[in-house]
Amino acid sequence: MADISLIIDRLYERVTSAIFIAEDAEGRGDLVGARKAYLEVSFLEEDIGSRLDASDAEGAIARRGAITAALSADLPERALDIVHGYLKEELPAPLNGQLKLLEAEALSKRPSSELRRLNVRPAARFSLDAVA
Amino acid sequence: MKIQLDSFTVRHPKIPPPHAADMVLHLAVALERYHAAGVHLQASVMLETRRFVLAWRAVDAEAAAMLDTNRATEMGAESLLLLVLHATKGWTVRRRLQRGAFADWLLSSPDGLLIALETSGTNDGSAEQRMKEKLSQISGCVAAPTRVAGVVRFLDPRSIVEEFKDG
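These protein sequence lines map, in sequence, to chains A and W.
Take the first sequence: its position 38, counting from 1, is numbered 38 in the working numbering, and each next residue is one higher.
Take the second sequence: its position 138, counting from 1, is numbered 138 in the working numbering, and each next residue is one higher.
Take the hints with a grain of salt, since some may be wrong.
What the hints assert, rightly or not - Under the rule of at most 27 Å between Cα atoms (straight-line distance), these lysine-lysine pairs were calculated in the DSS-like manner:
(1) K36/A to K14/W
(2) K100/A to K36/A
(3) K2/W to K89/W
(4) K165/W to K100/A
(5) K2/W to K14/W
(6) K14/W to K89/W
Stated by the list, open to error - Example chain W residues on the side facing chain A (calculated, C-beta under 8 Å, incomplete):
(7) K2
(8) I3
(9) V142
(10) A143
Think of the hints as simulated: they come from the structure by calculation, not from any bench.
In this text the structure is predicted, and so the values were computed from the model without any measurement.
Where a beta carbon is used, it is the ideal one built from N, C-alpha and C, also for glycine.
Could you build the full structure based on these sequences and the hints that come with them?
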């Protein structure tokens with residue numbers, strides 16, 4: 001089994017790279033590219049967080065990071081899933097408070113329940129008559 | 001003491017090589033707007049002042065023209081501050097932090113302490129004013145017990161690093 005510090009080092013290189021890619025895409029106005037990169041950041045932070053205790057400073061950074069990256073990826077539902085999982089852990093009080101603030105932010109960005117239930121069916125834009 | 005910009009990857013091996021090379025390129029471009037290799041940098045790190053000679057290979061003019069001016073200043077400042085903090089304190093990069101963390105980098109000291117670093121650069125603006133803004137920003141950072149802000153003013157060139165302390 002590989003040394004945990006080596007695994008974390010490799011994950012840190014990957015998350016550093018993914019953050020750079022996301023920032024670069026944002027700088028170029030490539031919102032789709034930025035969201036994709038932030039989703040990768042969120043996955044990596046989640047992985048790092050799963051390997052470090054919540055009471056560890058770097059474990060706390062990763063937990064907050066998994067949620068903020070999901071929000072940057074415009075995925076508030078994912079952010080809520082992650083934060084609800086973390087809030088079930090035994091957390092230091094400051095981290096618990098920070099995660100609750102992020103939960104509130106994710107809730108505020110979540111589409112309304114009506115929108116979430118909405119079943120979008122694109123209508124045909126052309127008819128055979130129009131083509132003929 | 002001399003700082004060779006090419007030593008960046010050795011000083012901060014945890015920054016993936018393509019990004020490290022990009023950072024060094026941006027720094028060289030930001031410096032070459034005003035200076036040639038061999039320029040003296042005045043570096044103030046937590047009230048201790050040091051002078052460094054900065055050395056780098058000349059940048060290809062076409063490559064330099066491709067870079068965004070503001071990005072060269074910002075990324076160049078980050079790179080220079082990381083070089084200075086390694087040369088003076090032995091601090092190395094552990095990982096990059098996301099925007100919401102109120103700091104750009106998580107560093108570690110030789111004895112394993114964690115440091116959050118927020119950086120900024122200006123070509124000819126007020127470094128002191130920028131430092132006030134950056135200290136205010138890093139006050140919101142909870143990533144590490146030690147929080148420092150760094151600013152580079154390329155015209156002189158000089159760099160300042162200050163620690164934020166509560167109260």
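Cross-check of the supplied hints:
1. K36/A to K14/W: 23 Å, holds
2. K100/A to K36/A: 25 Å, holds
3. K2/W to K89/W: Answer holds: K2/W to K89/W is near 15 Å, not above 27 Å.
4. K165/W to K100/A: 26 Å, holds
5. K2/W to K14/W: 22 Å, holds
6. K14/W to K89/W: This hinted pair holds, its Cα atoms lying about 17 Å apart.
7. K2: 27 Å, violated
8. I3: 22 Å, violated
9. V142: Holds - the Cβ of V142/W comes within 8 Å of chain A, reaching about 7 Å at its closest.
10. A143: This interface hint holds because 5 Å falls under the 8 Å limit.
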